[in-house]
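Those protein sequence lines, which keep their order, are chains H and W.
Take 1 as the starting number for the first sequence in the working numbering and just add one per residue.
Take 116 as the starting number for the second sequence in the working numbering and just add one per residue.
These aren't lab readings, by the way, just hints derived from the structure by calculation.
Every residue, glycine too, gets a C-beta built ideally from N, C-alpha and C.
It cannot be assumed that every hint is accurate.
As the list claims (entries may be wrong) - The list that follows gives simulated cross-link-like pairs (lysine-lysine, DSS-like), each with its CA atoms no further than 30 angstroms apart:
#, chain 1, residue 1, chain 2, residue 2
1, W, 202, W, 129
2, W, 129, W, 268
3, H, 25, W, 130
4, W, 126, W, 268
5, W, 202, W, 130
6, W, 268, W, 130
7, H, 25, W, 126
8, W, 129, H, 25
To be verified - Now the stretches of chain H that chain W is said to cover, found in silico as 3 or more residues with beta-carbon under 8 angstroms:
#, stretch
9, 2 to 15
10, 18 to 28
11, 31 to 39
12, 81 to 92
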Amino acid sequence: MHELSIAHSLVETAVSEALRANARKVSIVRLRLGVLAGVVRGSLDFCYDLVARGTLLEGSRLVVEELPVVVFCPRCREEVPLPGIQCFRCPRCDTPCGEVRQGRELEIESIEIEC
Amino acid sequence: MCPRIVEIRQKVLKKNDELARRMRGRFVAERRFTINLVSSPGSGKTALLERTLAELQQAGHAVAALVGDLETDHDARRLARSGAPVKQINTHGCCHLEAEMVRRHLEDWDLPGCRFLFIENVGNLVCTASYDLGESLRVVLLCVTEGEDKPLKYPGLFNSADVAVITKIDLAAACEFDRDVAYANVHTVRPGMRIFETSSTSGQGIADWVRWLCERRQTWVDQADR
Chain H
1 MHELSIAHSL VETAVSEALR ANARKVSIVR LRLGVLAGVV RGSLDFCYDL VARGTLLEGS
61 RLVVEELPVV VFCPRCREEV PLPGIQCFRC PRCDTPCGEV RQGRELEIES IEIEC
Chain W
116 MCPRIVEIRQ KVLKKNDELA RRMRGRFVAE RRFTINLVSS PGSGKTALLE RTLAELQQAG
176 HAVAALVGDL ETDHDARRLA RSGAPVKQIN THGCCHLEAE MVRRHLEDWD LPGCRFLFIE
236 NVGNLVCTAS YDLGESLRVV LLCVTEGEDK PLKYPGLFNS ADVAVITKID LAAACEFDRD
296 VAYANVHTVR PGMRIFETSS TSGQGIADWV RWLCERRQTW VDQADR
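Take these sequences, add in the hints, and give me the full structure.
This is the structure we're talking about:
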């Protein structure tokens, strides 16, 4: 249950960026979330509302773009997305793929503000 | 009213990651190989560490350990018996260690010549995966009593680790632990990861594990020297 501390960092960053842009209010926060980031969506939503209260983000919507794991397959010699997170093998040729190229993201993409 | 979009593109845990990067740089400069131990509660982190600290000291290495725990200092007291410098980090409810907690506890802690610094994380298979502590090696423990499917249930953490240690191997038969299945599961979520089998009670596998740690540190030092 580390979503509360993640929500704190998230709100802190979004608020400081909003202030820099002279925002009166933030309506949307867009987050890129890799499926390996270990963040539970429901918990994050809950914590986000809680932490956003009383800030420029109060009442804003957290829009999450979920990113699948993408690995580099040494045999196909290209990046391939995985259907889940329990089998790090190329879905095409079944080669074990240890090189993760995407899936750990936990990034604020952008905020939508009103000035 | 002028709604507009402000691009941010920033990691949510940027503060933690930046601090971890700075600490990693310092560990490299000091040639202090730093190891983050992660696992579920009760899988034998402290026992493995007790053995490891003793063996390394016997081989003439200066070592130290930071021990994360929610409330008690039981683990630190256990580890202090090895004679190594040990500090407790009480997280007071927080389920994982963060770089800032490590930084704070290392401040003003004089560890002359310390070659191996172990950080025993809070027992947790989810949250600990997200926080870089500046370590050079992340070790995940899998206890035979937990069942072979732990890697499949917690792929995020197992995938983030550099090496796996199967603990309490002396209990394997009693637990009907299927070694082949466990190996296959570890390698499904982390292809090619090195796996050790140890018993902190009987000492089985400890020598191999400690030898590997020393080799790994040497490789790391050689890289830093270049």
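Outcome of the hint check:
no. : hint            : result
1   : 202(W) - 129(W) : holds (26 angstroms)
2   : 129(W) - 268(W) : holds (27 angstroms)
3   : 25(H) - 130(W)  : holds (24 angstroms)
4   : 126(W) - 268(W) : holds (26 angstroms)
5   : 202(W) - 130(W) : holds (24 angstroms)
6   : 268(W) - 130(W) : holds (29 angstroms)
7   : 25(H) - 126(W)  : holds (22 angstroms)
8   : 129(W) - 25(H)  : holds (24 angstroms)
9   : 2 to 15         : holds (count 7)
10  : 18 to 28        : holds (count 4)
11  : 31 to 39        : holds (count 5)
12  : 81 to 92        : holds (count 5)
When held up to the earlier numbered hints, the structure conflicts with none and fits them all.
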